[in-house]
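S.K.: Protein sequences, first through last, are from chains A and B.
In this text, residue positions in the first sequence follow our numbering: the first is 1, and each later residue adds one.
In this text, residue positions in the second sequence follow our numbering: the first is 1001, and each later residue adds one.
Be a bit skeptical, because a hint or two may be false.
Stated by the list, open to error - Not everything, but these chain B residues come out facing chain A in the computed CB check (under 8 Å):
1) Gly-1037
2) Trp-1100
3) Val-1120
4) Gln-1220
5) Lys-1222
6) Leu-1226
If you are wondering where the hints come from, they were derived from the structure by calculation, not from laboratory data.
By construction, the Cβ of each residue, glycine as well, lies at the ideal position given by its N, Cα and C atoms.
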Amino acid sequence: MFFQEATPDTSGYMIAGYVVAFVVMGIYVASMYLRSRNLKQDMSMLEELDKPAPVQKQSARKPTNVKAAKTVTKKSAQK
Amino acid sequence: MESKPLALKILDVFSILVLLIAAYLALVYAPKELVMGDVQRVFYFHIGTSWTALLGFILAALFSVVYLINKDLKWDRLQVAAVEVSLVFFLITIVLGSIWARPVWNTWWTWDPRLTTAAVTELIYVAYFMLRQGIDDPDRRARFGAVYALIGGVSAPITFFAIRLFRTIHPVVIGGTNGAAQGSFNMTPHMLTAFFFALFAFTVIFIDLFWNRVRLGDLQNKVEELKLKVTM
C-alpha cells in the first residue's frame, strides 16, 4: 500500500464505516425511545392501580347505604 | 413524568444538525488522503466517538466516587447513563477502526497494545451491566456498580496512553509521534477543520444522549418506587 502509484479505491470501506456508525447510533436512540415508551405505559398503569381504588369503594358503598337507609325509613314508617 | 424540557428539545435538534454537518465535512469538505484513499475519512468519526467514550468512562468513575461518598442514588443513575452512552460510542470506535485497518494494515484485527486495551475496556463495561443485572437490591447494586466503574475507569487512560507508552502500529494523532505506526498522515487545514468539528459534534451528541438517558433512569426509578407502593 505504501509503495503505490495511484490512490487505492477504498470507498467501499468508508461507506461501510459510516453505515455502521449511523446504524448503531440509530439503534441506540430507538432503544431509548422504546424503553421510555414502555416505562411510561407501566407508569400510567401503576398510577391507575394506585389511585382509583379508594374512589371505587366509596361509589360502591354509597348506593347500598342509601338503599339500606331507605328500607329502614320505609320499615320505620310502616311501624 | 414531566414533559421534555425545552433546552433538551433544542439540544436534540442541534445534535442532529451537528452530526449532519460533521458527516458533510468528513465526506465532502475534507480532501481525500492520497495514500489510504477514502477509507481515511472514517478517522473523523473514529476519533470523535473515542474521545467522548473515554471521557464518559472517566466521568462515570467520578460519579462513582461521589456516590460512594454521599450514597445518593441520583449519582448512580448518572453513572449508568455515562457508561451506557460511552459503551455505544466505543463500540462504534472499535468497529470503525477495524474497518479502517482492513485496507491499511491488511487485517481486520491485530492484538496490538491499543486494540487490545480498547477491546478490554469495552468488555469491562459490558461486564458492568451484567454485574448490575445480577443484583436486585438497588443500594447493593449501586454500591457494587460504583466500585466496579471506579476500578474500570482506570482502563480509559490506559487505552488512551497505550499508543504513547508502548511500541504499536496504531498512529498517534495528537501529542507525539510513533516510529512503528502504520497509516499515519499529516492533516491539511481542511482536514483539521473536519477533525475538530467532529470532536465538537460528538461532544454535543454525547451530552444530548447522556441527558436523555439520565431522564430514562429517573423514569425507571419512579416506576420501581410505584411498583413497590402498589404491591405493599
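S.K.: All the hints need checking, so say for each whether the structure fits it.
M.R.: Checked hints:
1. Given the 8 Å rule on beta carbons, the hint for Gly-1037 of chain B holds: about 4 Å separates it from the nearest Cβ of chain A.
2. Interface restraint check for Trp-1100 of chain B: the shortest CB-CB distance to chain A comes to about 7 Å, inside 8 Å, so the restraint holds.
3. Interface hint at Val-1120 of chain B: violated, since its Cβ lies 20 Å from the closest Cβ of chain A, which is beyond the 8 Å cut-off.
4. Given the 8 Å rule on beta carbons, the hint for Gln-1220 of chain B holds: about 6 Å separates it from the nearest Cβ of chain A.
5. Proximity of Lys-1222 of chain B to chain A holds as hinted, the smallest CB-CB distance being about 7 Å (cut-off 8 Å).
6. Of the supplied interface hints, the one on Leu-1226 of chain B holds, with its beta-carbon coming within about 4 Å of a beta-carbon of chain A, less than 8 Å.
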